[in-house]
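Enquirer: Sequence:
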Amino acid sequence: MVFLLAVLGSVKAVGVVVPAYFYPSGTGLSNWNTLAANANKIELTAILNPNSGPGTSADPIYKTAIAKVRAAGGKVIGYVPTGYGKNAIAAVKAQVNKYFSFYTLDGIFFDEMANGNSAAHVNYYKTLHQFVKAKSAKYEVINNPGLNLPEIYVSTPVADRFAVYENPQANYPAYRVTAWMGKYSTNRFIHIVYNATAAQLNHDVNVAIAKHAGSVYITNLKTPNPYAQLPSYWASEVTAVAAKGK
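Numbering (full-length UniProt numbering) for the sequence shown: 1 to 246.
Hints were generated in silico from the structure; no laboratory data involved. Heads up, a few of these hints could be off.
[Unchecked claim] Straight-line Cα separation of at most 20 Å, EDC-like style, residue types lysine to aspartate or glutamate; simulated pairs:
1. K211 - E151
2. K93 - D106
3. K135 - D106
Please work from the sequences and hints to get the whole structure.
Expert: Below is the structure:
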């Protein structure tokens, strides 16, 4: 724990990674505009998800929303499901290609990441990571196993960042950092916490930092769709994260 705290002491910034799974119309448009308005206040990455992937064609409404966030200093990356390593790699690559042909983005978010300790799974995600990086070394790859994973995925690496917690707030106190994580920067790890009350917000941001996360997303929304819109306390979340430095 002493080593972990020493690592944490050297990290000055906390970012927000937002599953922006809402269409830029009505409340969704207001939410995208809000993301753009806050992108210069915090380190912000929005995950674009038109249709559980890129969809079949470019949408000019999404293009406008993406451009606003990026112009304000935020990043936007495209959502691609991997079926826990079962989706054909050619099909996954095809979705990646569509994203970059449809939109100007900053990277890819590979969801449904397998986290078994097998060479096949490691090679699967390593191949996807290299595929994205071959397009541009500047593109970011975030993988989402939603829980802790074997170190080999981070050391290989198969992604730049990993969402190692994606669960309700009720489970958060029991979450434990794996010992090897202390060897890596907090910037490698993301916590996504849903069904959290406004009263729990500041505490959960502090817990994320204490549990070695460099980026967070906390929302009061719950399943079946905790990412239907921004949390009701979004402004407070921005303030809480900004207070930790950018």
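Enquirer: All hints are to be evaluated individually against the structure, with a verdict given for each.
Expert: Hint check results:
Between K211 and E151, the direct Cα distance comes to roughly 16 Å. Compliance with the 20 Å bound is thereby established for this hinted pair. At roughly 16 Å between alpha-carbon atoms, K93 and D106 fall within 20 Å of each other, so this suggested pair holds. Between the alpha carbons of K135 and D106 the distance comes to roughly 11 Å, so the proposed pair stays at or under 20 Å and holds.
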